[in-house]
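K.L.:
Put together the whole structure using the sequences plus the hints.
This is what each chain is made of:
2 protein chains.
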Amino acid sequence: MSTAPLRDFVAALTREFEHETDEPSRLAAVRPHLARLVARDDWLPDELAQPHPQHYRQYLLHADPLERFSVVSFVWGPGQRTPVHDHTVWGLIGMLRGEELAQDFAQDAAGRLVARRGPKRLRPGDVEAVSPTLGDVHQVSNAFSDRTSISIHVYGANIGAVQRHVWTEDGKVKPFVSGYSNPWVPNLWDRSKETS
Amino acid sequence: MSTAPLRDFVAALTREFEHETDEPSRLAAVRPHLARLVARDDWLPDELAQPHPQHYRQYLLHADPLERFSVVSFVWGPGQRTPVHDHTVWGLIGMLRGEELAQDFAQDAAGRLVARRGPKRLRPGDVEAVSPTLGDVHQVSNAFSDRTSISIHVYGANIGAVQRHVWTEDGKVKPFVSGYSNPWVPNLWDRSKETS
Ligand SMILES: [Fe+3]
Ligand SMILES: [Fe+3]
Ligand SMILES: [Mg+2]
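If you read the protein sequences in the order shown, they are chains A and B.
Using the working numbering, the first residue of the first sequence is number 4, and each one after it goes up by one.
Using the working numbering, the first residue of the second sequence is number 4, and each one after it goes up by one.
Derived by calculation from the structure, the hints in this document are not laboratory data.
Mixed in with the good hints there might be a few duds.
Claimed, not checked - Listed next, with one range per pair, are the computed distances between beta-carbon atoms:
hint, chain 1, residue 1, chain 2, residue 2, range
1, B, Glu172, A, His58, 54 to 60 Å
2, A, Ala112, B, Ala32, 25 to 31 Å
3, B, Thr151, A, Arg34, 43 to 49 Å
4, B, Arg84, A, Lys196, 21 to 27 Å
5, A, Lys196, B, Glu21, 27 to 33 Å
6, A, Asp44, B, Arg84, 30 to 36 Å
7, B, Ser195, A, Arg120, 28 to 34 Å
8, B, Glu21, A, His55, 35 to 41 Å
9, A, Pro178, B, Phe179, 49 to 55 Å
Every residue gets a Cβ at the ideal spot worked out from N, C-alpha and C, and that includes glycine.
P.N.:
Given below as structure tokens:
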């Protein structure tokens, strides 16, 4: 297995961010690169595809050194799901392996959360967007109770460091900084084993 | 131990590279940041400070995604040394721990290597430069036979992927692509345990 597709993706996004500066341009620029990345499932290191027995994991794959974007692998074990949460920045979700259900929420006049249309089902290769302008609150579940599902996310910030919110089952809002599950990220830059 | 000084260093270099584009400007811009980084020895993860019993190691700490620069930790076990080698790109060497001896070479009219002035001894906090214009061929040794020495290098390329040369003991030149000793690099971007 070679991580070269991930390296090419990171380099392409870095180049896009040099000249695309607003949210709609960046979303539009990143989407085809992400679609290409998740069109194949032969590049994610196994260490960053491992579920945790109790809860979903978020493995950092790459952070832009200026923290303009981050690339994360979300891994759900059988039946696992996120809490209801927001992002506060734009995000793109590319389905890599398995399937997930994404339920969007809106807030009513009193600030209560209301589920929007029924959950969206993401299948390998699908790409979806979230953002404060497009709809920012959702809950994501593994669609399967018998296997792992994995999606690759790109956010318009270092998402693990962003101050955001989760909603508890009884509707309370809590502040939330997710961090990352992994203290190491892949070394994408050793080309010495590649033919040049 | 916190890797925050390394994160700040990587971010500062990335910003410098946005506006400094030629070798002298980049060398001048990086030098004070590297001097500040190696003025303290409390941030290098232990995993990237481990010597190998037989030979020196080069651990990638960070590669610029556009491969304009790389940051590497060189770790020499007791008595270890590099072969005579070139770089083909500029490099800055900041001494972090222990001491090393750097012997420069020049090529005579017949292409034979000739040692220049006696070896330079680097002590913690020292910063030295190499480059095709400043002198590019050298051999570096651990100055100690009883402990590990470590220096932090910055190069004007993804150095592990650069086509360069080593000289064997009998004076023969061989092509050389170093690669890196580590398949993982530190996740510098998890700020969730820091006070914000
Ligand atoms: Fe989300
Ligand atoms: Fe060298
Ligand atoms: Mg840049």
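K.L.:
Hints the structure violates: just list their numbers, smallest first.
P.N.:
2 and 6
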